[in-house]
Amino acid sequence: MFHWLEKNPFFFAVAVFVTIAFAGLVEILPSFAQASSPTVGTKPYSTLELTGRHVYIKNSCNACHSQLVRPFKSETDRYGNYSLSGEYAYDRPFLWGSKRTGPDLHRVGNYRTTDWHENHMWNPSAVVPGSIMPAYRWMFVNEADVETAYAEQITIKNVFNVPYNKPIPMKDGSTATVTLEDSLEDAHAAALAEAKTIAADMKNQDVKDAIAAGKIPEIVALIAYMNRLK
Amino acid sequence: MNKLVLWGILITAAMLVFTYMAVGGSKGGLNGDIINILAITGAVVIVLISVFVVVKYVRQMQTDTATGELADENWDGIGEYKNELPMGWAVLFLILNIWAIWYMLMGYPVNAYSQIGEYNEDTKAHNAKFEAKYASITGDDLVDMGESVFLAECKVCHGLTADGIDGKAANLNQRLEAKSVKHVVENGSNFLGYPAPMPDRNGLFNMNTGALITDAEIASVATYVANGMKGDGADIFSGTCAACHGADGKGMEMVAPNIATFDIATVKTILDHGKKGAIGVMPAFERLNEKQKEAVGAYISSISK
Amino acid sequence: MENRPLEYDYTVAKLFMFTTIVLGIVGMLVGVILAFQLAFPEVNLLLGEGLAEYTNFSRLRPLHTDAVIFGFTVSGIFATWYYIGQRVLKVSMAESPLLIALGKLQFWLYILTVAAVVVSLLAGVTTSKEYAEFEWPIDIAIVVIWVLWGINIFGLIGIRREKSLYISVWYYIATFLGVAMLYVFNNMSVPTYFASGGIGDWYHSVSMYAGTNDALVQWWYGHNAVAFGFTVPIVAMIYYFLPKESGQAVYSYKLSLLSFWGLMFVYLWAGGHHLLFSTVPDWMQTMGSVFSVVLILPSWGSAINMLLTMKGEWQQVASSPLIKFMILASTFYMFSTLEGPIQAIKSVNAIAHFTDWIVGHVHDGVLGWVVFMIMASLFHMAPRVFKREIYSKSMMNTQFWLQTLGVILYFTSMWIAGITQGMMWRAHDEFGNLAYSFIDTVTVLHPYYTIRAVGGLLYLIGFLMFAYNIYKTMTVGRRVEENELQTASPMAA
Ligand code: HEM
Ligand code: HEM
Ligand SMILES: [Ca+2]
Ligand SMILES: [Ca+2]
Ligand SMILES: [Cu+2]
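Line order of the protein sequences matches chains A, B and C.
If you read the first sequence in my numbering, its first letter stands for residue 1093, the second for the next number, and so on.
If you read the second sequence in my numbering, its first letter stands for residue 103, the second for the next number, and so on.
If you read the third sequence in my numbering, its first letter stands for residue 11, the second for the next number, and so on.
Bound conformation, chain A alone:
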């Protein structure tokens, strides 16, 4: 049979394709059905948080940082509860990473703060002697791209039914709603309002000036994102 295949390239190719495609179906289909429902308390990202997530991706923080706490005592001691599938329901793309040159960040919002991030991103080794993380000073200057984040929010609401403007159950039994603004101007205004509360805890003068002028530096969006990782 094989010799015959070797003389008939078309069927050879079909045979190869069937062999390799089969496993994919077995692996991917069954868990697709169950993995996507959010855990209680998991909200879609606000415009500013999503903007910050894009900053995170743009700078490939995932090259050094995981966002997946494995179920080991040593990891839950270091980072907090092990990660649950439903916590990632709104993560497109997922950001688990595959290398921990730096620590896991899935729950970093629980134990690091705005001002710490500000100091750390400006000069990591001044806060953590021996750190090999690069400094990210341009983020204090570059303006964040709120527009693209807003476009993504519209997209995921329309295409994937991400529950913006809908009540979402919280752990304490209450509900919360993440709004998707009606226009880009409103989205920008809402993001700026959120940015102001973060910038209030920061000291960098350029950042404060930018916020006062209605602009959102990348670092503020990034911190909004990291504070939300809990």
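Hints are computed from structural coordinates only; laboratory data are not their basis.
From a predicted model like this one, the values you see are computed outputs, not experimental measurements.
Please note: incorrect hints may appear among the correct ones.
Chain B stretches covered by chain A per the calculated footprint, using a threshold of three residues with CB under 8 Å from any CB of chain A [as the list claims (entries may be wrong)]:
(1) 221-234
(2) 352-360
Between beta-carbon pairs, the in silico distance windows are [what the hints assert, rightly or not]:
(3) C/Lys482 <-> A/Asn1250: 57 to 63 Å
(4) B/Trp204 <-> C/Lys114: 50 to 56 Å
(5) A/Gly1265 <-> B/Leu207: 40 to 46 Å
(6) A/Gly1265 <-> B/Trp204: 53 to 59 Å
(7) B/His375 <-> A/Gly1265: 17 to 23 Å
Under 7 Å between C-beta atoms, here's a sample of chain A residues computed to sit facing chain C [said to hold, decoys possible]:
(8) Val1106
(9) Phe1109
(10) Val1110
(11) Ile1112
(12) Asn1151
(13) Ser1175
(14) Ser1177
(15) Tyr1180
(16) Ile1224
(17) Asp1293
(18) Lys1295
The beta-carbon is built from N, C-alpha and C at its ideal position, and this holds for glycine as well.
Position chains B and C with the ligands against the provided structure of chain A, taking the given hints into account.
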């Protein structure tokens, strides 16, 4: 004995010694942790099998000759022998395939392994082991334990020597800086979670004067507190603050924290609720257990003046 | 025509040989820079504070992986296909001007795409999915390039004279199909500009899959991208170049057959080993582990077949640096396909995952196997393509030892670094607290990062010697006749 085999043994031995030294000398160490032991075993197995299999084939290159019946076809001058499968390979392949099918269909379902189940067991064992130990950890041991928590959890913000890294976080060698005291008096609560939060300056009366506290008085009482309740400002303190913080500034349970010195209760409160003060935000630490909080409290009390 | 040997047309092969070498240099240079950045973070500022946005580790890392995979390796695959394909199918591309034209089109589109990739990665345009970082416009270009290649493969097969397909061709066909399927599914995404009615960046898109599902698709892709990028096509190369260069017949057809179909079948089931202890279901993780272990055998099958092809031919191994490269490549192939399965065992992965041990595994595979094999292929092709003798054999020998030392320094240092760090992360002290803060587990790696950087530098120097040797062969090597090119490549001392 073949020279090659000798070389193989030599290389393997060298790698093993090297691994042993690297692991033994490394700070992680085997620690009797089964996972560590399996990982090292895995590494050793990789080296062992690789070296000996390569030696085997190199010997064949040195001593054997190519034989067998050639197939009719040839491609760009490349021929092909119709040799049988190497026995060892074929048998292993078969066995592994059978094993895999058995494992997926029988072994695994029957075993009913769950990684979360395993985690729960490990955690229970760990907690049981150390909770039994916790009762006996007191005094200097408690401070030692606290130092270990501090070095793992706190030094990224407070620095190795707890000096706060140039004002980036609180200096824990002293209870409070004047600027921190001033900040809370002017703005009120640091969000430590007391039932009635501290009022801001618009709610703080100096009983000596009967008026709201003034800028000059704030400055003076702040220096007084920061100096360890010494110097000028004692009268303002007793007139304004003592009602809640006590005459000696050592606080009252459920009313106001000890602001004269660090004690275990104060540190615990801060770890439970965090603190948002003049310097920045101190995060709450949910993932530490009560004993760890107590220990780090003891440590901070021991290093502070 | 009947009496003369075929005149093969190597136009397209030559073009891709060129990009193999240039992108190899770029990719590895960036790799060396990354290695130094981890050892000495000041190197993040290598072009000054102002350009740090573009020269820091996190911007450069995807550039490294994509340059070596989609640049160097894929070019090598194309170059060797356009060489081997004609020869084992007994048909010249010159017989079909259309195929030559399509091949050239494929090349120039490839060059444009490379330019777009470099610019966009430096600008931070990435989707963050490993080895699938590109945004949709580049994805489309890649699909077109791939389809052009497919047309060439099947076009050439369509006009072949040799009825039955040689082993290498099996592997090229599998490469084509495997990558096509994986790449398309993993990159499915919705462009936000169009879906939102014209807001934001036009090139931005959002993944079709979320969270755990996205991870599943990504590592189904990621694992098999390794399979169909770093394994299958490289096996295609060794099945041609080793027997050809040594003049030996392939040891066993049956072994070739079982290894091929075994590999096709088993590889796809093993992807779960990238998601151990994650939030994908337990059974799927277990399946990944189990099939990874099975995978040792079909992988080793090809390697054993090649080693046995050299049975009784030790004098060739000893005297020809070209054969040395290939023999060492197949041993490193065996090494990394034993290492991988062992790292795929759950309890070992608990230590290995997220650490440099994985990076060590990656590089004993790519440096010891992929790069060695591609360089050997180009060395063998050069005299035939340029009709000149290889410029310097002694330089090849020096290069061989330099690079071997480089790989050894690289993977041993990363083994130690990874295992040490993995153990430190797990360690509890006598009070039951974590024994180390994270930064303690970083600073301890400094010596190993330094050793790796030096190893990488040696390896890069070796690659530059390779590039120089090929350049000299092209320009000043002694001209050779067809009859000198039957088996062993002619090389000048
Ligand atoms: C039998 C064959 C192999 C098996 C079972 C295998 C298994 C593995 C495992 C378990 C990991 C680590 C996943 C993790 O914990 O993060 C891994 C990573 C990797 N392996 Fe292999 N491996 C094999 C062969 C190879 C070969 C031959 C190469 C390259 C030439 C290779 C390249 C890689 C790469 C690039 C990664 C890193 C993926 C990432 O970015 O995380 N593997 N492999
Ligand atoms: C001069 C030689 C090279 C050096 C010094 C080098 C260095 C590096 C460094 C420093 C990293 C980042 C590791 C980390 O994040 O901790 C890396 C990653 C990687 N390199 Fe290389 N590299 C070299 C050559 C290559 C080649 C030739 C290939 C492929 C053909 C390759 C494929 C990869 C891959 C796939 C990764 C990602 C690994 C992962 O995510 O697990 N490298 N390399
Ligand atoms: Ca990786
Ligand atoms: Ca893409
Ligand atoms: Cu894999």
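Taking the hints in turn, this is what the structure says about them:
no., hint, in the structure
1, 221-234, "holds (count 4)"
2, 352-360, "violated (count 0)"
3, C/Lys482 <-> A/Asn1250: 57 to 63 Å, "holds, 60 Å"
4, B/Trp204 <-> C/Lys114: 50 to 56 Å, "holds, 53 Å"
5, A/Gly1265 <-> B/Leu207: 40 to 46 Å, "holds, 44 Å"
6, A/Gly1265 <-> B/Trp204: 53 to 59 Å, "violated, 48 Å"
7, B/His375 <-> A/Gly1265: 17 to 23 Å, "holds, 22 Å"
8, Val1106, "violated, 9 Å"
9, Phe1109, "holds, 5 Å"
10, Val1110, "violated, 10 Å"
11, Ile1112, "holds, 5 Å"
12, Asn1151, "holds, 5 Å"
13, Ser1175, "holds, 6 Å"
14, Ser1177, "holds, 4 Å"
15, Tyr1180, "holds, 3 Å"
16, Ile1224, "holds, 5 Å"
17, Asp1293, "violated, 24 Å"
18, Lys1295, "violated, 20 Å"
In terms of the numbered hints stated before, the structure departs from hints 2, 6, 8, 10, 17, 18, listed from lowest to highest.
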